[in-house]
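Residue numbers (the UniProt record's numbering), protein chains in the order written: chain A, 1 to 475; chain B, 1 to 475.
Covered stretches of chain A, going by a simulated chain B footprint (3 or more residues, C-beta under 8 Å):
no. : stretch
1   : 129–135
2   : 145–157
3   : 172–186
4   : 189–202
5   : 213–220
6   : 336–344
7   : 350–357
Don't read these hints as lab results, they were simulated from the structure. Here a beta-carbon is modelled for each residue, glycine too, at the ideal position from N, C-alpha and C.
Protein chains: 2
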Amino acid sequence: MLKTADHLYLQVADNIEQLIEKEVMKIGEKLPSVRMLSRQQGISMTTAFQAYYHLEAKGLIESRPKSGYYIRFNTRRMPPMPDTCQPVKKASEATVNDMVMEVFNHMNREDILKFSVATPPVQILPAAKMSKAVIHAMRQLHAGGIGYEPLQGNELLRGQIARIALSWGSTFTADDVITTSGCMDALTLCLAATTQPGDTIAVESPAYYGALQLAESLNLKVLEVPTHPVTGVDLDYLDKAIPRHKIRACLFSTNFNNPMGACVPDKNKKELVSIIVKHDIALIEDDIYGDLYFGKERPANCKTFDKHGHVLLCNSFSKTLAPGYRVGWTMPGKYKEKVLLLKQNHSIACSSLPQAAVGHFLEIGRYEHHLRNLRKIMHTQCLRYSQAISEYFPDTSRISRPQGGCVLWIELEDHVNTFELFQQALKHKISICPGRIFSLQNRYNNCFRLSFGNPWSKSIDEGLKTLGKLIRKIS
Amino acid sequence: MLKTADHLYLQVADNIEQLIEKEVMKIGEKLPSVRMLSRQQGISMTTAFQAYYHLEAKGLIESRPKSGYYIRFNTRRMPPMPDTCQPVKKASEATVNDMVMEVFNHMNREDILKFSVATPPVQILPAAKMSKAVIHAMRQLHAGGIGYEPLQGNELLRGQIARIALSWGSTFTADDVITTSGCMDALTLCLAATTQPGDTIAVESPAYYGALQLAESLNLKVLEVPTHPVTGVDLDYLDKAIPRHKIRACLFSTNFNNPMGACVPDKNKKELVSIIVKHDIALIEDDIYGDLYFGKERPANCKTFDKHGHVLLCNSFSKTLAPGYRVGWTMPGKYKEKVLLLKQNHSIACSSLPQAAVGHFLEIGRYEHHLRNLRKIMHTQCLRYSQAISEYFPDTSRISRPQGGCVLWIELEDHVNTFELFQQALKHKISICPGRIFSLQNRYNNCFRLSFGNPWSKSIDEGLKTLGKLIRKIS
Numbered sequence: 001m002l003k004t005a006d007h008l009y010l011q012v013a014d015n016i017e018q019l020i021e022k023e024v025m026k027i028g029e030k031l032p033s034v035r036m037l038s039r040q041q042g043i044s045m046t047t048a049f050q051a052y053y054h055l056e057a058k059g060l061i062e063s064r065p066k067s068g069y070y071i072r073f074n075t076r077r078m079p080p081m082p083d084t085c086q087p088v089k090k091a092s093e094a095t096v097n098d099m100v101m102e103v104f105n106h107m108n109r110e111d112i113l114k115f116s117v118a119t120p121p122v123q124i125l126p127a128a129k130m131s132k133a134v135i136h137a138m139r140q141l142h143a144g145g146i147g148y149e150p151l152q153g154n155e156l157l158r159g160q161i162a163r164i165a166l167s168w169g170s171t172f173t174a175d176d177v178i179t180t181s182g183c184m185d186a187l188t189l190c191l192a193a194t195t196q197p198g199d200t201i202a203v204e205s206p207a208y209y210g211a212l213q214l215a216e217s218l219n220l221k222v223l224e225v226p227t228h229p230v231t232g233v234d235l236d237y238l239d240k241a242i243p244r245h246k247i248r249a250c251l252f253s254t255n256f257n258n259p260m261g262a263c264v265p266d267k268n269k270k271e272l273v274s275i276i277v278k279h280d281i282a283l284i285e286d287d288i289y290g291d292l293y294f295g296k297e298r299p300a301n302c303k304t305f306d307k308h309g310h311v312l313l314c315n316s317f318s319k320t321l322a323p324g325y326r327v328g329w330t331m332p333g334k335y336k337e338k339v340l341l342l343k344q345n346h347s348i349a350c351s352s353l354p355q356a357a358v359g360h361f362l363e364i365g366r367y368e369h370h371l372r373n374l375r376k377i378m379h380t381q382c383l384r385y386s387q388a389i390s391e392y393f394p395d396t397s398r399i400s401r402p403q404g405g406c407v408l409w410i411e412l413e414d415h416v417n418t419f420e421l422f423q424q425a426l427k428h429k430i431s432i433c434p435g436r437i438f439s440l441q442n443r444y445n446n447c448f449r450l451s452f453g454n455p456w457s458k459s460i461d462e463g464l465k466t467l468g469k470l471i472r473k474i475s
Numbered sequence: 001m002l003k004t005a006d007h008l009y010l011q012v013a014d015n016i017e018q019l020i021e022k023e024v025m026k027i028g029e030k031l032p033s034v035r036m037l038s039r040q041q042g043i044s045m046t047t048a049f050q051a052y053y054h055l056e057a058k059g060l061i062e063s064r065p066k067s068g069y070y071i072r073f074n075t076r077r078m079p080p081m082p083d084t085c086q087p088v089k090k091a092s093e094a095t096v097n098d099m100v101m102e103v104f105n106h107m108n109r110e111d112i113l114k115f116s117v118a119t120p121p122v123q124i125l126p127a128a129k130m131s132k133a134v135i136h137a138m139r140q141l142h143a144g145g146i147g148y149e150p151l152q153g154n155e156l157l158r159g160q161i162a163r164i165a166l167s168w169g170s171t172f173t174a175d176d177v178i179t180t181s182g183c184m185d186a187l188t189l190c191l192a193a194t195t196q197p198g199d200t201i202a203v204e205s206p207a208y209y210g211a212l213q214l215a216e217s218l219n220l221k222v223l224e225v226p227t228h229p230v231t232g233v234d235l236d237y238l239d240k241a242i243p244r245h246k247i248r249a250c251l252f253s254t255n256f257n258n259p260m261g262a263c264v265p266d267k268n269k270k271e272l273v274s275i276i277v278k279h280d281i282a283l284i285e286d287d288i289y290g291d292l293y294f295g296k297e298r299p300a301n302c303k304t305f306d307k308h309g310h311v312l313l314c315n316s317f318s319k320t321l322a323p324g325y326r327v328g329w330t331m332p333g334k335y336k337e338k339v340l341l342l343k344q345n346h347s348i349a350c351s352s353l354p355q356a357a358v359g360h361f362l363e364i365g366r367y368e369h370h371l372r373n374l375r376k377i378m379h380t381q382c383l384r385y386s387q388a389i390s391e392y393f394p395d396t397s398r399i400s401r402p403q404g405g406c407v408l409w410i411e412l413e414d415h416v417n418t419f420e421l422f423q424q425a426l427k428h429k430i431s432i433c434p435g436r437i438f439s440l441q442n443r444y445n446n447c448f449r450l451s452f453g454n455p456w457s458k459s460i461d462e463g464l465k466t467l468g469k470l471i472r473k474i475s
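Just chain A, with the same shape it has in the complex:
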């Protein structure tokens, strides 16, 4: 939740942003001076300055020395958005494993500009604070945490997760939560708990490649559901597809999905839950980007509207605190016993220290403060990257408008092959995620995913310029 002081400068900045977007104020136009703004709005000089500073950081306005602030960028001038995709109406059994392995082969090379990684980089995550939390955890835990933690997971952490759930208006308790080794482990357990080999599941299209690979490893067939870049899965389509394809579970990322950035509106979330309940199937809801919203409030999740336990909510702290700690969790609703049993069968327990450390970090109340900063950084980077892309990439490019998360989805002309772009870019020590890995249907060959996690810098700017040139070269 934002404090009042924050609210004020953000409100002012927001108003100006809307004026820019509606082209009431045009590119190149001079803005009122800080003093003038303060008088006009009845706010302090500091607040007025903060508002301009915020807009400048977002790349929307610029200050010219000894002259004042000018409008620099209008998000409406951005390239158009991608369309809703039309995947084949058939469950698939193809594989993207080889291509994913090739794309992430260079993960540990330091010399590569990684536009391919959908996680904020460690330099904007609280490394020193997490180390302190680990030391605290070692002091608190019996025998320094070398013993097994309870099967369901660290109790402090589960309690804190229940408190977080309060902030999206839900009343869950520690007993509703099972901790996991990251979100991927949560998705694995939940998918295994709700399906049998040979079953069909529904995913978004384009879908997170990890979900496609997971389904394959569990011997599941996959139906890709048309997905709007802003509002998410097509619910009418889904409603009809569930009985037709005997869908046993849906695996959707409802907030700022990867790679498109869609955020399912509350109304649609409610409707999605009622469809799931009507057909009596499971919804595995991946909410891993939910805390990285750019707007004023955290979007809800389907779990909030789930009265009968059909939703298995999955999340982690990998996008916000420490990806390497592998601290994730699930609220598996009525599938709790099955998920617990699978957790016992496959890993006995999570690693005790990282779980306790995250629990402690949440307990001392630093999480919301940290998130507020992280969200500002990510929003600013999103706009900066988008602006550069609209400048450097061909005019025919389309680009997503995520309101959270950390990736952009870029659609090029039909004939451009982004796997070739990936290979060419790698020669320039730049990595991207070619669109092909986000579907089992040999689709999205002209799209790619670009992460805006890395803080803006000269080399990022150069990298995007190079990508633009390469796209023109192979077009």
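With the hints as your guide, set chain B onto chain A.
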């Protein structure tokens, strides 16, 4: 490896132990004085004293004040060993999940005497040293370890594991090792990499219940192979069963298996590997108790004899350093790429800090020293527990003779139901593992597993006495 000084007193103690066992020296007989022993054997007084001290700790001799050392216990006077079991010749699909859940329900209750847990308790593991290693790891790792570690696992740790392999005479490199979240995770990945749902695997009988549960969760059928309490699986039986039951993989614990304690002789290990190679199937070798040997040398594992990569060796540091850290590993031979892919699909990476901490602990060379102490403690406890059981339990009881690990397998008269014993014992705040959970065939109802991990104490002694009384009561 033992140092020479160690060797000497252990050699002397060992010789005396053999004389006791062969009844050359009988219970109640007086041993030579320390001075006399020193003169006879041409050893120092200190070494002579150490030898007696060692035998006393094992419960084999006792010192009587102002009189000297007397023989107290003869392991040959112990109850007989259990027989090789004769499981049904048919792959099973039953489940032991409910009973396992019931047995381990009380895991986190402090007030229970846990003879049910097959792990050395934290008080004999190096908690403080591990905490130091974690702090060191946080200093060494980039950004304190909050970033993802490489998919294959921490490089330092993998290198150190390769060094350990040298000590069993194998030449593996860090590149042959994949780290996992404990041994159970390694078994899960390896079993998933070598089978398809519906396949049949072979396990020992009795088998570790976790292996049975894992097989069920992966939709595998299970053939239980007759297993000798000393030499392990019946290889002739296995050789015929593989083609007959279309076995796709074997999951065996070759050293001090759980629950029987069998240690497959080297000759049989070689033969087992050749059977596996002949039928071109996989052997998942669980060597988790291999480091807890009581003899002079670590037993080999099948991996040592594996020239073609058919063996997937799995292990962890959960029985020797820190169960709660969940640091395990596998050397999956020719299945490496498949296992890596599954690791990526199911969890992306392990938790970075615990892996780096264990790597550091191994690097500074404290592991072998720690193990030497731990093994002495466990061996002594094994003998103490066995002695008490032979004293307190009915004469008709049979008891295993493990040469390593941390559990005893006890067979009672046919009509005694150990699940009832489990329930009765729980009322006295004592927990055991009823034999029924070690098979899918409704067998071993008259057996149970008893861990000797907890250091000998008055309450352990009382606990075993109570168990003996309860057995008589329900017999």
